[in-house]
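Please take these sequences and the hints and turn them into a complete structure.
Letter 152 of the sequence shown, counting from 1, is numbered 152 in the working numbering, and no numbers are missing.
No wet-lab data here; the hints were simulated from the structure. Do not take every clue at face value.
[What the hints assert, rightly or not] Pairs of lysine-lysine, BS3-like flavour, derived with a Cα cap of 27 Å: (1) 207 with 484; (2) 487 with 207; (3) 270 with 37; (4) 37 with 207; (5) 104 with 484; (6) 240 with 286; (7) 499 with 484; (8) 470 with 414; (9) 86 with 104; (10) 336 with 19; (11) 336 with 428; (12) 234 with 319; (13) 286 with 140; (14) 140 with 234; (15) 27 with 84; (16) 270 with 140; (17) 27 with 37; (18) 499 with 37; (19) 270 with 336; (20) 86 with 478; (21) 133 with 104; (22) 115 with 133; (23) 207 with 19.
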Amino acid sequence: MGNVRTCGVLLPISSLPAKYGIGNFSKSAYRFVDQLKEASQSYWQILPLGPTGYGDSPYQSFSTFAGNPYFISLEDLIEEGVLKKKEVDSVDFGDDETSIDYEKLYLGRYTLLRKAYERSNISENPAFREFQKTEGYWLKDYALFMAVKQFFGGSSWSEWPEDIRLRYSYALDYYRRELYFDIEFQEYMQFKFYEQWSKLKTYANVKGIKIIGDIPIYVAMDSADTWANPGLFKLDGENKPTQVAGCPPDGFSATGQLWGNPLYNWEVHKATNFDWWITRLAHCYKLYDVVRIDHFRGFDEYFAIPYGDSTAENGWWEKGPGMDLFHTVTARLGHKDIIAEDLGFMTDTVKQLVRDSGFPNMRVIEFAFDERDTGNASDYLPHNYPRNCVVYSGTHDNETLTGWFHTISAGERKQARQYLNNFHDSDKEIYKDLICCIMRSVADRCIIPMQDYLGLDNSARINQPSTLGKNWKWRMTKNQFSAKLRKEMYNMAETYGRKNWDEFPVN
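What follows is the structure in structure tokens.
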């Protein structure tokens, strides 16, 4: 980044204000890009774009390559003539514009998308046939995986009959024949997803706004990635996991976090010159301009938990691939703009890996004020930031800034006020002081979740780790990103030298 100072907003696609139950690639997304430009922002950071399953987490996707069909704009399909506005309007997507009803979404959207597919005559579309060819390296396995999953009532592939679970060639041929149209439907949805996302990303880029994508270090056990490539993971002869991923007990959870993802067999990856990872990252740069890799510390050491355990308490640390992977990435893909998510407990070896990689890491202001810390040596205090970092008020896993300030202890609030030189009796808008504090830091990039600019409490929180049923639901309403707020954001960007100066050409 050099000495270029920039800022941006974190807002999941799902949280955009839009018709039909969830944020998507409709005109509201383009309006949001226009608003970001008006507010002089240079980045729009989103969450993983993959299709989600049980729990609705974008960090547990059916594919690391595929896109979420929920994000396909139904309005665009109406304009194409493959859906009728009356039939779309008649579907119940829920009546709360601030929250996503995933059950209604699941029941309503796929029925409409199937109708669109059946009316599309897609097999005769040359662009679709080209998409099948160029994306075939992941699309064939993914579409078959999803069609077979639907055939078996949505069950995990680990519960499928042995012949298709272990990918016997005759079984693959059988299901490709029997489920031909279900497979093509899955390919159609991916075609529309990529077509619409490409247009939206290009629109943002022309406005001078870059997209920061987010990828989990791990893939889900119940995914096309694991099913199609079992040798890349720590699975036994029956393709059942022997160890799974998570993290040890910490401030988020007293028993640790049990993610359940299969662990990589790094020896196999290294022996193949990290081909799968190179393919994965190359694909990411079709979708995004910058890639944030979640749980970066797993490349130095990863936490292994015995398969079948109910908590992460019995796990242990194993060595990861370290710089071997990133030397290979640079050699094969060139220098890429990567953000290393290095939050949590950091060992000396993890810190060294981040330094050796040269990637900017993360600072979060909510971690800066802790009564257990003494002095002013915390890496999260703004005066200790290096230039080569990305500072956040919070992430998708944190409380909102306003919610956090009112749940920390009185001593920590006093510590924060002292740091801000703010001793007012009212804390009503202290979130603005905290945002300004990190905006004026030396960090090259500053990203603020939309909820924090809006000053919202924890009812607008995106995710609370280790919980189910209340996450990934929050949505911004149409009028919340007001002209007044856009002007305030512009003024902050200008005051602290983070304006979006230029539009940039798109190849």
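Cross-check of the supplied hints:
1. 207 with 484: holds, 21 Å
2. 487 with 207: At roughly 17 Å apart (the allowed maximum being 27 Å), residue 207 and residue 487 satisfy the hint.
3. 270 with 37: Given that 27 Å is the threshold and the Cα spacing comes to 43 Å, the pair is violated.
4. 37 with 207: At roughly 7 Å apart (the allowed maximum being 27 Å), residue 207 and residue 37 satisfy the hint.
5. 104 with 484: violated, 34 Å
6. 240 with 286: With a Cα-Cα distance of about 32 Å, the restraint between residue 240 and residue 286 is violated, given a limit of 27 Å.
7. 499 with 484: Distance ~17 Å between residue 499 and residue 484 Cα, so the pair holds.
8. 470 with 414: violated, 31 Å
9. 86 with 104: Roughly 18 Å between the alpha carbons, so the hint for residue 86 and residue 104 holds.
10. 336 with 19: violated, 36 Å
11. 336 with 428: Violated - the C-alpha atoms of residue 428 and residue 336 are around 41 Å apart, more than 27 Å.
12. 234 with 319: holds, 14 Å
13. 286 with 140: holds, 18 Å
14. 140 with 234: holds, 24 Å
15. 27 with 84: holds, 17 Å
16. 270 with 140: holds, 25 Å
17. 27 with 37: holds, 16 Å
18. 499 with 37: The hint holds at about 10 Å.
19. 270 with 336: Satisfied, since the Cα-Cα distance of roughly 20 Å is no more than 27 Å.
20. 86 with 478: holds, 22 Å
21. 133 with 104: violated, 34 Å
22. 115 with 133: Holds, at roughly 24 Å.
23. 207 with 19: holds, 24 Å
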